[in-house]
Amino acid sequence: RKEVEQDPGPFNVPEGATVAFNCTYSNSASQSFFWYRQDCRKEPKLLMSVYSSGNEDGRFTAQLNRASQYISLLIRDSKLSDSATYLCVVNNRNNNDMRFGAGTRLTVKP
Amino acid sequence: DVKVTQSSRYLVKRTGEKVFLECVQDMDHENMFWYRQDPGLGLRLIYFSYDVKMKEKGDIPEGYSVSREKKERFSLILESASTNQTSMYLCASTPGQGAYYEQYFGPGTRLTVT
Numbered sequence: 474r475k476e477v478e479q480d481p482g483p484f485n486v487p488e489g490a491t492v493a494f495n496c497t498y499s500n501s502a503s504q505s506f507f508w509y510r511q512d513c514r515k516e517p518k519l520l521m522s523v524y525s526s527g528n529e530d531g532r533f534t535a536q537l538n539r540a541s542q543y544i545s546l547l548i549r550d551s552k553l554s555d556s557a558t559y560l561c562v563v564n565n566r567n568n569n570d571m572r573f574g575a576g577t578r579l580t581v582k583p
Numbered sequence: 005d006v007k008v009t010q011s012s013r014y015l016v017k018r019t020g021e022k023v024f025l026e027c028v029q030d031m032d033h034e035n036m037f038w039y040r041q042d043p044g045l046g047l048r049l050i051y052f053s054y055d056v057k058m059k060e061k062g063d064i065p066e067g068y069s070v071s072r073e074k075k076e077r078f079s080l081i082l083e084s085a086s087t088n089q090t091s092m093y094l095c096a097s098t099p100g101q102g103a104y105y106e107q108y109f110g111p112g113t114r115l116t117v118t
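Chains as they are written, first to last, in the numbering used here: chain Y, 474 to 583; chain F, 5 to 118.
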């Protein structure tokens, strides 16, 4: 079983739609959680950290459920520019123990 | 802005060749990492370094070695390239140790071993 699991997608949604991704992790001692965005043939870049209380950044909302060991990312009012692969990242200790999901691919269509 | 650069975007090598992948960061970061990314598997850690001349194995170090002679530079070496090392290689850096630091990635090197 992978430590971090994501639905690979692809998710194909129209502009303006709301889309949600989930990610599950297996290590209950995990300390920190992130969503990274990776454009085609580019490097991953931090989209947002995920805090226990949940956090929002514009159209993006991240939630953490420690009891069920999953994190989620909600994108409202999708834009064409949101098309990318979204990586769920879980850090178990120090930053040498970051575990990456394989990513969920999103395509937003006009 | 943190900048992490990698020496090549695309590389084609033959089986058995020794391959050097270079990574340089310009923000005086302590920690540097080498990952490989394969479809369906996510990023997997090969080696990391917390200081000059210091290195630690990650999850998949077999067939690789690293060198960190200067703080800003972290090199990945494939001693004898094999076809199963065809992959995207990503270098990353962070300013310190700890679970909450963002990782800054280089643009990646897509290596093909024939």
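By construction, these hints were calculated from the structure, which means they are not laboratory data. All of these numbers come straight from a predicted model, not from anything done at the bench. Using N, Cα and C, we set each Cβ at its ideal position, and we do this for glycine too. Be careful, since some hints might not be right.
What the hints assert, rightly or not - Listed next, the stretches of chain F that the computed footprint assigns to chain Y, with coverage defined by at least 3 CB atoms under 8 Å from CB atoms of chain Y:
(1) 21-31
(2) 41-52
(3) 107-113
What the hints assert, rightly or not - Using 20 Å as the maximum straight-line C-alpha spacing, the simulated PhoX-like pairs for lysine-lysine come out as follows:
(4) Y:552 x Y:515
(5) F:22 x F:7
(6) F:7 x F:75
(7) F:7 x Y:515
(8) Y:552 x Y:582
(9) F:7 x Y:518
Consistency of the hints with the structure:
1. 21-31: Since three or more residues must qualify, the claim that chain Y covers the segment 21-31 of chain F is violated, with 0 doing so at under 8 Å.
2. 41-52: Holds: 8 residues of the segment 41-52 of chain F have a Cβ under 8 Å from chain Y.
3. 107-113: holds (count 5)
4. Y:552 x Y:515: 19 Å, holds
5. F:22 x F:7: Distance ~27 Å between residue 22 of chain F and residue 7 of chain F Cα, so the pair is violated.
6. F:7 x F:75: 14 Å, holds
7. F:7 x Y:515: 14 Å, holds
8. Y:552 x Y:582: 8 Å, holds
9. F:7 x Y:518: 12 Å, holds
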